Amino acid sequence: MSAQSQVLGVKKPARSWLRGLLLDWERTQLVITFTLMLLVAVIGLLFPSPYVLGILILATLYAYIGITWNIVAGFAGQLLIAHVIFLGIGAYTTIVLNDNFGISPWLGIPAAGLVAGLLGLLVAAVTLRYGLKADYFALFTIALLVSLRTLFLKWQFVGGALGLWLQLGNTGWGNMIFATKGPYLIIALALLAFGVIVQYRIYLSKMGKYLLAIREDEAAAAALGVNTSLYKTLAVVTGAAMAGIGGGFYVMYVAFVEPPQVFDLGFNVEIVMASPIIGGLGSLAGPILGAFVNKPLAELIRGMLAAQTSGTTLIIYGSFLVLSIMFMPRGLAGVVHSLYLRLARRWAGDGTGGS
Amino acid sequence: MALLTVEGITKRFGGLLAVHDLSLSVEPGQIVALIGPNGAGKTTAFNVISGFYKPDAGRIVFDGRDISGLRPDEICKLGLTRTFQVVRPFRGISVLDNVMVGAYARTGDGRAARATAQEALSFLGMLPMADHLASDLPIGGRKRLEITRALATGPRLLLLDETMAGLRPAETDEVIRMVRKISERGIGILLVEHVMRVVMSLAERVVVLHHGEKLAEGTPESIVQDPRVIEAYLGEAHVTG
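As you go down the protein sequences, you meet chains V and F in turn.
Residues in the first sequence are numbered from 5 upward in steps of one, following the working numbering.
Residues in the second sequence are numbered from -14 upward in steps of one, following the working numbering.
Be aware that a few hints might be false.
[To be verified] Quick list of in silico lysine to any residue cross-link-like pairs, SDA-like style, CA-CA up to 25 Å:
#: 1; chain 1: F; residue 1: K62; chain 2: V; residue 2: L132
#: 2; chain 1: F; residue 1: K39; chain 2: F; residue 2: S53
#: 3; chain 1: V; residue 1: K210; chain 2: F; residue 2: G77
Derived by calculation from the structure, the hints in this document are not laboratory data.
Source: prediction; values computed, not measured.
Using the sequences and the accompanying hints, generate a full structural model.
Laid out in structure tokens, this is it:
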């Protein structure tokens, strides 16, 4: 059998654990992911300035939010465009629980996941009930984003148009409020590790195979026993709940939330869609690879061009997104995968030659 | 008792009567062919039996259970699986993963699903292709993948929709062998087919559809001699090849 065969799926008995690890593309992506996370931690330790840490924290959060969208849009192929609504709902849940009820974010963030998950369930139920698919599903989620923005602007209990400031208690781990940025990076990396593992487990499980089948051909999946409604719902609820958790952390970090900030399509593109698209939608390492290019690049462009006519930054950033879609349709992960296939073929040829 | 009994199913699309009062049955291990000119309602009948359309009248009894109105995935789990006329491989994933999707119909365990998938692949001689992307397969391979994937769901009845269409003669022979092997396992097969050579060599019984209604039913030999069938279908088919 050719070396290619060992790359796409079937695991052959390996000579060494390292070979076993790296002759499997899924595990290789996991190695790439954790290497990048280690790199982020090291950069954070070497350059602990608030500016650098700020970029690292948001890049890590972007990677995590990218994963939550990757499960819905990348694996299951559902065009949940306005995914940021779940982040927004999560942010509001955590801050309202903290400010109005004095509930610790350690409970408020899981609660954010729960509330966002319920909103995800509602979105799935309504779209399935009325048979909204593909572009109609996408439009429905955008309409929902606009409605939520209006609702939250008028809703005084959650601050209305003024938004909500995080009521700062004592600093420390108990309140998840810190005077320096280091601890936020630690929490962000822990959150990303959670996202990476959940995504990996889903990908390798029955649910993962079913989601890919739904993405590729829904009718064929149904004919093979896939309850497509159930699994689409599972994907949306999982992605929504995880994004809600991310929103809870986001609001603890930025300490403020207002409707035009979170219920916004531009923000949605930046925090939800850009990383998986640049990195490779549907791949395991894509959201992480993309985020660690996306966020620093956006900062760099902003830093260089902030003095120019307003909007220049967005034009450059947007052009970069368009170019990356045109020239890397499978994203950075696709480029890495091609290199990997070439290397793996050579490596497998060395070790198992003659077998 | 028959494995599958279709009792007087009717399917209407607006004013068009696509299938009218169709009845047929399939026994375990039996191969039944459903033939008829283009537009006769064969694929519609398949869509009704496999749960993609709900019948407007009549019922479908599978293994003693009324399955009319159930969803396709529920019907698949009961042991009735279909393939599609235009093959629908999951293009972006490997052949093995394609077949594993089928195998997961019977288990939640990855290892068991992989074993079932590999068994189905090896049974139908597809193992060498297991690691290729489904989109890399030639058309013959895709048709065989479609059958392998359906077999991995552990069916007792397979509905094959024009599996041989567009295949070269050598490939057709290969698929004929596959179908016969599956049938020897005691799995009932209902197939829609245009290629008469396939119908004649595989089917024990033939049901002829014309304008949505059953025109004739019988052994392949009796069907080809039936004057009504010759007029409605075979004459045309013989002329066009």
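The hints, checked one at a time:
1. Annotation: proposed proximity of K62/F to L132/V holds, straight-line Cα distance about 22 Å (limit 25 Å).
2. Distance check on the hinted pair: K39/F and S53/F sit about 7 Å apart at the alpha-carbon level, within 25 Å; holds.
3. For the suggested pair K210/V and G77/F, the alpha carbons sit about 17 Å apart, so the restraint of at most 25 Å is met.
Every hint from the earlier list agrees with this structure, and none is contradicted.
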